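Using the sequences and the hints, build the whole thing.
First residue of the sequence shown: 1, per full-length UniProt numbering; consecutive thereafter.
Misleading hints may appear alongside valid ones.
[Stated by the list, open to error] With a cut-off of at most 27 Å between alpha-carbon atoms, the simulated DSSO-like pairs for lysine-lysine come out as follows: (1) LYS214 / LYS116; (2) LYS191 / LYS174; (3) LYS174 / LYS116; (4) LYS135 / LYS106; (5) LYS195 / LYS172; (6) LYS125 / LYS22; (7) LYS22 / LYS135; (8) LYS106 / LYS116.
Because the hints were derived from the structure by calculation, they are not lab data. Predicted, not measured: the structure shown is a model, and the values here were computed from it.
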Amino acid sequence: MGEQSIKLLIIEDHQIIAQAYKNILTEIPEINFSFTFANNCDDAISKILKEQNDLFILDLQLPISTNERFLSGEDLSLLIREKLPDAKIIILTSITDLARISSIIKELNPEGFMIKSDIESKELKDAVITVINNKTYYSKTIENYVSTSVFNDLIIDDFDRQILYHLSMGEKTKDLTKFIPLSTRAIEVRKNKLKTLLDTKDSNEGFNLVKSAKKLGLI
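Set out below in structure tokens:
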């Protein structure tokens with residue numbers, strides 16, 4: 001079998017980590033990678049729209065876009081799905097919150113999903129080869145989460161993340177309709193759902209909710 005050519009965009013805000021991924025993947029003899037890199041949402045958006053990449057490896061926690069529409073790797077993944085539906089996505093993250101992971105799998109269904117603490121060089125190579133061969137790859141922690149009985153009951157969608165983000169920026173709940181195309185009532189319902197999901201009691205405009213969300217890496 002001849003060498004396979006793959007255009008790969010690595011979206012990771014830590015240059016040392018991005019370079020480590022490249023060094024590991026260049027050891028795969030049967031694949032000739034063409035690497036490009038992005039270290040924030042703005043840079044990633046530009047390259048997603050301009051380049052026809054076959055594969056994306058991305059972190060979830062990234063510097064947000066200038067227009068504040070892209071808050072994380074999740075938003076970038078949605079853009080990839082829209083603009084490059086045949087491309088494959090591998091998420092590598094330090095986030096281990098069950099609700100966040102459940103939401104990502106339901107909303108994005110990435111071809112690969114790995115927790116950084118699970119990763120060794122062989123596993124990263126195995127993941128990429130598996131995904132390129134049209135199969136799904138989950139690291140050990142993700143597999144364990146998917147098998148839990150509560151996994152399918154948890155979801156935090158894009159509107160929820162926007163609510164959390166704007167609350168974290170100091171906006172009042174009554175003003176969120178300026179940024180999010182939902183009624184005040186719908187936003188309140190979502191806030192209450194998030195409080196229950198994150199096991200948070202709040203009495204002052206979402207302070208504890210935001211604190212819990214930050215702790216779990218949701219914003």
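Now the hints, each set against the structure:
| no. | hint | result |
| --- | --- | --- |
| 1 | LYS214 / LYS116 | 19 Å, holds |
| 2 | LYS191 / LYS174 | 12 Å, holds |
| 3 | LYS174 / LYS116 | 38 Å, violated |
| 4 | LYS135 / LYS106 | 17 Å, holds |
| 5 | LYS195 / LYS172 | 16 Å, holds |
| 6 | LYS125 / LYS22 | 10 Å, holds |
| 7 | LYS22 / LYS135 | 21 Å, holds |
| 8 | LYS106 / LYS116 | 20 Å, holds |
Violated hint: 3 only; the structure is consistent with all others.
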